[in-house]
Amino acid sequence: MRRASPRVALRRGLWVFIALVVLAVVEYLLTLVMKSGNLPWMVIMNIIDAGLIAYFFMHIAQLWRREE
Amino acid sequence: MAVHAPAEARRHVSRLAINRLGLWLFLLSEGFLFAAIISSRYYLQGLNRPETLNQVLGLGITIVLIASSLSAYRAETSAAHGDQKGFSRNTLATIIFGALFLVGVSIEWREAFHQFPPYTGFGTIFFTMTGIHAFHVLTGLLALGVVFFLGRDGRFTKGASWGVEGTVKYWHFVDVAWVFIYPTLYLVN
Amino acid sequence: MALLPLVRGLSLGAVGFLLGGGLAAGIRGLMGLDPWSAEPVIVVGYVFGLIGWLLGVGLWGTWAREWLGLAPKKDHVHDWRRYFRFCTDHKVIGVQYLVTFMVIMLLGGLLAVLMRVELMQPGKTLMGPGQFNNAMSLHGILMVAVAVATIMGGFANFLVPLLIGAEDVAFPRLNALSYWIIPPVAVLLLATPLMGGFDAGWTAYPPLSVINAPGQTLYLLAFLTFGISSIVGGMNFLATIITLRAPGMSWSRLPIFVWSIFAAALISLTATQFVAYGLLMIILERVAGTSFFNSAQGGAPLLYQHIFWFYSHPAVYIMILPAFGVVLEVLAHFSRKPLFAYKWVVGAFLSIVVLSFFVWAHHLFTSGMADYLHLPFMVTTELISIPTGVVFLAGLGTIWLGRLWLTTPMLFALGFLFNFLIGGITGIFLADVPTDIQLQDTYFVVAHFHYTIMGGEVFAIMAGGYYWFPKITGRMYNDRLGKLHFWWMLVTYNLTFLPMFWAGVQGMNRRVADFPPELAGVNLFASIASFFLAASFVVLVYNLVVSWKRGPVAAANPWRARTLEWQTTSPPPLENFPAEPQVMGSPYDYGVPGSVHSRPGIAGGAQEVKHAQG
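Chains as they are written, first to last, in our numbering: chain C, 1 to 68; chain R, 1001 to 1189; chain L, 2001 to 2614.
Isolated chain C, as found in the complex (with noise of 0.2 Å):
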């Protein structure tokens, strides 16, 4: 990603931030809600987590890009 002024990039993380905790409370209430089987859904919503983290928080494309 472009880089970002420091306002939006802070902003960003912060939302990115409020996904990841979403996520982990959701984890936590689908298992008790579901008694069985809800590993499928923890696999996906790792998976997002890991690809929100890596995007936003570790530029992960900066790997392929040209540098800024």
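No lab work stands behind these hints: they were computed from the structure.
Taking lysine-lysine pairs in the DSSO-like style, the calculated list, with each CA pair at most 30 Å apart, reads:
1) L:K2549 / L:K2483
2) R:K1158 / L:K2074
3) L:K2073 / R:K1158
4) R:K1158 / R:K1085
Only part of the chain R face toward chain L is listed, based on derived beta-carbon distances under 8 Å:
5) A1017
6) I1018
7) L1021
8) L1025
9) F1026
10) F1032
11) L1033
12) Y1043
13) L1044
14) T1120
Given the structure is predicted, the values throughout are model-derived calculations rather than measurements.
The beta carbon of each residue, even a glycine, is placed where N, CA and C say it ideally should be.
Model the placement of chains R and L on the given structure of chain C, informed by the hints.
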């Protein structure tokens, strides 16, 4: 002479890009370690999960670790934009969150020693998995501490922020690993 | 004085060991346990000792000082003392690896000779069954280390940067670290006999490896440490090959040896973590009383075998892929022909990498794992012989109608093809479940993997060693002695191992010190042949040592080869090339009119001059 820096003119890929690639390769390798650990949980214990796990604490330390990722992200962004104060504040916050996470894990360990000690089937997996992860948190905290003390004189906020970037990427990776470990230990059924 | 870094490393290592051991004992005392239980004290002491050794040997001066905000120290040593220091020059590290593992190979070979002495006749000759298994295990792990690290650590370090026109690897300090972490491995392994040895084989299957003598723990720590070196090395080569290629060195012009290292590095980067975890589980089982393998508590010993072979089967490709690379390189240059089916070979290397992760359970056909796993793993194992066959045929296609120049390295490369064919074909019987169930744990298996690793990879190491000897040392070896070594080794090697196939089919079990009297003849024959095989290494060592000291000075390009390492002096200068070379075409287009692989760079650009003065 033992250390020699290749002449800058010859390099076609910047030092920064090489460092990033190397770190990502290392993280890929670490991913295989966690994959091995997680697969051994399913191999040995299937979906078995004791009812005595402290669910509130589990969710709590997960959110604390995610929060530490946010502050680490903010520290990196601040360093890249030359904001010395923001860098120091957020790095310190990350260290505190990380330490809180470790405190949470150790409370969890105290309880676990009574409920499912390491010689039991689930205890083996639980202590190994949280232990290896906590070791990664500990190394991350050491690196963050080094970065925090080195960065007080502004060396990272003056443009050369690889030290911060690398440490923060590693820290995020530790978070990703936990994101997978949390449901594996606490939630699957 | 020259050995000061080593002394510093040893003393800091000892201090670290005492600190860590004391710490472990103290914690055990506080927990109300017996403080002087040997194994926990050794494990924690070793971890601290390893850190102390690394800091002392040079990590502190050249690197760790930065972490405290101090300037790193520069080490201004240019002569032979570099080889005993934390030197970041990839050529020095390559030589360090090559010499170290040459010595380890001779030690491992000596153990093999001892085992063959024991097996000369039924009953006890020299060692009891326990001692025999200790010798067998030590031989196994030493040779596995040799097979993994001689090409990947030695030749690859020396040659990959040269072959791609770079000045060094991507992370020179990590590179030095990955070498200096090896000496503790050697020390631990050689110390195992003092602690009762380890008799569980290099595979260290539980439950035996959980309950045997404390020497087992030393072995586990050693292998774990070696794994770190392997991971760091793999990461370094990948980053180097991806980012530091000279201008014009596109992926389709990369020398095949570099491709083979790239493929092997992918495996060692990733799969090694599995064996690290497997070994860690056994350590925890021994030291912390966990229940991974204790079925009474819900553990499963088979877990270890799955985790272990998920690394260790791909690991045989860490051994053999670089060997393919060396052999194809030598075949192309000495056939004076373009490398046959270059792109197919690259594709084969990469598909071997992928497939190698899906074959591990063929080591478990007789272990009692679920029956439904037999068929898929049989199929994947046979599938992997397709890309392997492609590589083999590319070798044959390269020498086909070539103008063969039968130098010593070329002879060894041809010997590789001969031996590897036998090793490959006998592998099919082990991939097929019905025959494997009969042949598992017999000398058929021993013969098979020695044909691929010793007849294959060690012959490739010899080919590479003679081929690059003038480049590495700046001197020429004695060709007559080299050829003598080749024929001697080829004949005695086959006389030693060919009969083992027969012995295995007749029911000769591996990993036993004794055998039924019916098998006396074939064992005596193999033993006597093995003594002659061992003697062939005397020729090698004599030739290498004498030539290194007094051999005729080698030209920059004695083979008139086209790849980049021969376009600089022998041995190359610190910066490898006076100026960065320009790559124009394929390295193997011998006899193609008008083809050029590379042009030397133009020295004397402003940066170059500045750098030369600085």
